[in-house]
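**Student:** Residue numbers (the UniProt record's numbering), protein chains in the order written: chain P, 1 to 258; chain F, 1 to 258; chain Y, 1 to 258; chain L, 1 to 258; chain R, 1 to 258; chain C, 1 to 258.
It is worth saying that the hints were derived from the structure and are not from the lab. Predicted, not measured: the structure shown is a model, and the values here were computed from it. Treat the hints loosely; a few may be bogus.
What the hints assert, rightly or not - Capping the alpha-carbon separation at 30 Å, the derived lysine-lysine pairs in BS3-like fashion look like this:
1. Y:Lys29 with L:Lys29
2. F:Lys29 with F:Lys3
3. C:Lys22 with C:Lys2
4. R:Lys122 with L:Lys41
5. C:Lys41 with P:Lys246
6. C:Lys29 with R:Lys70
Protein chains: 6
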Amino acid sequence: MKKKKILFINPVGHETWDADVKNYLTAYKEDATEVDVVSLKKGPHHLEYHYYEALIAGELLHTIKEAEKKGYDGAVIGCFYDPFLREAREICTRMVVTAPAESSLQLAALYGDTFSIMVGRKKWIPAMHRNVRLYGYGEKLASFRSLDMGVLDFHQNESYTENLLITEGRKAITEDRAEVLILGCTVQFGFYRELQKVLGVPVIDAVLAPFKHAEYLVALREGLGWITSKVGGFETPPLREIKEWKLEDQYRVPDLWE
Amino acid sequence: MKKKKILFINPVGHETWDADVKNYLTAYKEDATEVDVVSLKKGPHHLEYHYYEALIAGELLHTIKEAEKKGYDGAVIGCFYDPFLREAREICTRMVVTAPAESSLQLAALYGDTFSIMVGRKKWIPAMHRNVRLYGYGEKLASFRSLDMGVLDFHQNESYTENLLITEGRKAITEDRAEVLILGCTVQFGFYRELQKVLGVPVIDAVLAPFKHAEYLVALREGLGWITSKVGGFETPPLREIKEWKLEDQYRVPDLWE
Amino acid sequence: MKKKKILFINPVGHETWDADVKNYLTAYKEDATEVDVVSLKKGPHHLEYHYYEALIAGELLHTIKEAEKKGYDGAVIGCFYDPFLREAREICTRMVVTAPAESSLQLAALYGDTFSIMVGRKKWIPAMHRNVRLYGYGEKLASFRSLDMGVLDFHQNESYTENLLITEGRKAITEDRAEVLILGCTVQFGFYRELQKVLGVPVIDAVLAPFKHAEYLVALREGLGWITSKVGGFETPPLREIKEWKLEDQYRVPDLWE
Amino acid sequence: MKKKKILFINPVGHETWDADVKNYLTAYKEDATEVDVVSLKKGPHHLEYHYYEALIAGELLHTIKEAEKKGYDGAVIGCFYDPFLREAREICTRMVVTAPAESSLQLAALYGDTFSIMVGRKKWIPAMHRNVRLYGYGEKLASFRSLDMGVLDFHQNESYTENLLITEGRKAITEDRAEVLILGCTVQFGFYRELQKVLGVPVIDAVLAPFKHAEYLVALREGLGWITSKVGGFETPPLREIKEWKLEDQYRVPDLWE
Amino acid sequence: MKKKKILFINPVGHETWDADVKNYLTAYKEDATEVDVVSLKKGPHHLEYHYYEALIAGELLHTIKEAEKKGYDGAVIGCFYDPFLREAREICTRMVVTAPAESSLQLAALYGDTFSIMVGRKKWIPAMHRNVRLYGYGEKLASFRSLDMGVLDFHQNESYTENLLITEGRKAITEDRAEVLILGCTVQFGFYRELQKVLGVPVIDAVLAPFKHAEYLVALREGLGWITSKVGGFETPPLREIKEWKLEDQYRVPDLWE
Amino acid sequence: MKKKKILFINPVGHETWDADVKNYLTAYKEDATEVDVVSLKKGPHHLEYHYYEALIAGELLHTIKEAEKKGYDGAVIGCFYDPFLREAREICTRMVVTAPAESSLQLAALYGDTFSIMVGRKKWIPAMHRNVRLYGYGEKLASFRSLDMGVLDFHQNESYTENLLITEGRKAITEDRAEVLILGCTVQFGFYRELQKVLGVPVIDAVLAPFKHAEYLVALREGLGWITSKVGGFETPPLREIKEWKLEDQYRVPDLWE
């Protein structure tokens, strides 16, 4: 079986979760998959605010483009806001790019009629709700349920987090009629199995969903040639302009664009 | 790698396409996949009419349930109307079931902003349009384009069909602003590669899309335990009732329901 | 006044409700209407599961087609999932066919801005919600309210059922702002009058709504020639194919298709 | 059979069409129906402009309320904009009120997957499109087709009008994939039969649809007690206020409100 | 700066609020604005019922047309149902017309992701909900919250009203996740500042929003020539017809239409 | 009248349009407005590709935040994709921020029932269509019309551009039934007046619309205290985090965050 090289990007300016996520993915990957996990050289510690997302735009996209150049087959943008997924697919011509919300929602829509998304804070809901609608799943959304915890808190006290996820997840099922749960943050990794066992519904993990999706889409690209259409909204910027305007110098990403 | 057994069902009462589809799938399957292709013992020769679809309900579902019992990991319902997909997922508790429209639309929504569906006859459009909306992709649909050919005609004169697909596909791209094409009938198998090459956009094949999707979903079930939620709309009928009412005798499907 | 012959079909494999429904309809029919009530020769005792619906496909449709051949003017499919309504209209060229959800929703949309649907189990809700949306009434739906009772329970203890309907109906009005109630199961027949009196809002009965609708549509067909369009999605399968493929033999319904 | 008294209102300030419409309705009415046709004492000659509609508000509603007082069972507002239908249902407590767009759209949604509406001028389209959406049928609308004729022109040269309706209707069917046509103006009465014959699809007449609908709804009110909900948006204004404010004097409609 | 003459219309048959509203607007107007406040010569005391709205159609529109003739630059229809806004824009060719719901919703959509509307009675909700959808903001609506008070009660005991607005507003924010509040009645004027201070979210006042909007739109018309399109749905009725039919005599509004 | 300081940002890495835009705005500004126009220190020459948009994220947002600190009352993001409008409103607590698409669409929705957007290339359409839907105006969109010109071409040969805008604008009106036109690129500035005169419909200029909107919203903030809600999706990132993580150093924007 052909090797699949996949890069999982924690789009934050610290390496706290990189090793854990790498171990996590390694446990779930296909045999032929090689997985690397990186974070950004600088940047905010989480992306709860949209400003923080905006700050990482350049480095995230250049990390992705560089991965394509280095021969990766797939890249995963590890944040449930799916930041710059559209832009990443625009600049890549060969490499698959996935992100948690899109990948999780496509699965949830298969596994049940309705789903709820477990978020950390109410602040996150409007932007995520927009994505749910843009991806086409507005009518299948049962609810958002907030834990009132920040991204950095989820692994401080894991049994507290787990209990809260179970409590709110159960309410989502009984009160909101959710048939499937989605963990609305990549840093909620590690909890889905227990939740699934206790609650008896599929619980989609936001790290594994886009990772397995990437493996799948890499196989489709390899075997069938299916990849982002370059006719229309995802047309790649012309190298000529990038060179002419010296964009690669201005944004210190030499050699990426060849 | 764990073996995946997948059954592709041509839900019609003749075996015309079984061998070809088997060869086709074999060329695209994962190494560890075993694929079988069957058609129904009786039934219409195509499903262009909704009455024809209705006729096959029992045999299709029992073929699926029997496959689950026999140890298949996945089944594909080989008709772009996705007939009885919901029911199949309701009765299965372990086996993955996929169907062409759902699988193709999820991919098309990833590969572009908009897509067009190439159908045989205008007659098919309203029911397929309903599915596009139900799956959540109504806003991404650029158009349906009809070839004015029946299901049984597509392989009569393949170069004629191919030319027509190219002509109508090109119109979909230039006039309707489609970024991706979907072949809206499983019997259009075999044409996607050439179309993709000529037209320069992803062309989703309605046989391969649900088949590769099934492989993917089987892996998710095996590795992560994700499968149709049984809380809510997909709750499985109770064996007790089926036995008590002797449904398995009435519909001559003994031994399936254990 | 011209006679109208209408067949009400209880699409289940037992006759339990046939006589009661016949008496019920007789009390509400137009003078010129002749009403018959039949159930199926075999089949499940209720249709709460979609698999059960699927099982009856052939016999239901052949009962309908046979009724058309025998000279019935209208047929009613007596289940709130509206099973195979689309298919029934496809195969009929002269006879009117109605079903509870469509007929009830059209009335509820006239009588108020919003409505709630009283169901037996939560299991039913997703499939019924899909129909509400497909018929165009998604924005008028105030809520589903579940009694947590099965179809076979409604008439076990009628005063219990009635009280529960009143309790949940009142919540629908005060908490969900429903202006109209719909009884979301044909086997809830017999309760609407009392509910209407107690709750002070229109309560649509799922047996009477499609029956009176059928009388109305028969009158329109007779007087104005209005009937299902045969151009497009409801085009009838060609007799030639049915004969050629011996479908009528395979499904043991000889002589229907002439 | 109980008598049904129905008043058809041509909501314009001239009697030009009253006799013709009365004859027309008489040919299509149930035996037990008594039909009267009236127009307004003053007012514009047509309602193509929304200002003209607004002008007739008071007289139209008082004509309707007076009809209820006089014992009519139903009233039809004879304009495809459905002017003041909501208000009419608010003030009536016993009498049924119908209007062309609502009644026609409910039928079109039954008879096909899609429909087109034949209008006189493009000017009419936005307001009618709004109604199509409000009634829930936005997704079933294939197109509006305009004849570029005013309301007052339709019967000037009937064969010209008929030919134009046939030409545009045929385009709606072949180019826009309409399965049903709706005549989007009451003054297009008289053409539907021939169109139906020539074009082979149901053609809904905007005079007959609300009239037959009224007969149907009167039967439901009589037999089942179904009528506009008075809990919520259609709650009737309190007589106390009307009296206290002397509204009935201000608007010269003494004695209506008892 | 060019003078802007704006007329605020309290579309009811009494002058109770005119002086207060004039003072209110005067405190918020631009320096160059001249504001007048009028009510109607006759009419209901409030517009909670749609029949009451309908009654004022003629006088409201003629007041507006007369204002245009007298040289006003803008008119505000002072009722949150936005009665006859469409008609007013149809008959005006130069003067700007605004109304509370449209103006408030456009602001709320800018200031937050979601909003709640504080209404007096549940009765109002369905018609206002229709407007929210028609203006395009259905997906941003968090909730309607009802005070169970009539229009005439809001200023009877202002501290009671204020407390209730605070209580219900807080629930809208915490339970319904509203980010912005809209006061859904012009007669709730005067409360927004305190609510804003106490609740910490923008609170849109239904008198000020359309008034300031009118000032803005007048500036756009003056400076850029932007005003209602007269091609399509807002085409003005032809003077020729109005004269020929003597509409201006019938509705006693001589000399308006020149 | 209180002074309003407004900054118009051409979010590209060259000053080509700054002086022209400044003159343009100066001709249309209120007396009390002071307007500045800036572009970015580095960056692409246009933003037709989403990658180019992403590159400017940091500098655009810091330019905006710096403007707020310097005492500007409003900032305009001068690109019809409305890049980072949401983020800008999140980080600002006092200053108004507007952008072309949102401001233009709100006006177009007032001036007509439907509008068309004139774009440079088909590439732009999907992302702009997404915004049209997110802002709530999907149902009012008549069409996108593409000139097949790049941003840098519009002012190369102005009479060519003008003629093309007139030709395509006329088609939008007659074929797509647009009642209003929107110029879907800020660099189409300067053409609207002539188009308006020739075509007879409002033509919204994408530079002027957000600029005048900013003036309006500044007045509302000053006079009424209305500004972006900070409860929910637009909650501002906490200064504490920004300081603690030294984000302002990492992204070289010292002193902004106090």
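**Student:** What are the numbers of the hints the structure violates, in ascending order?
**Tutor:** 4
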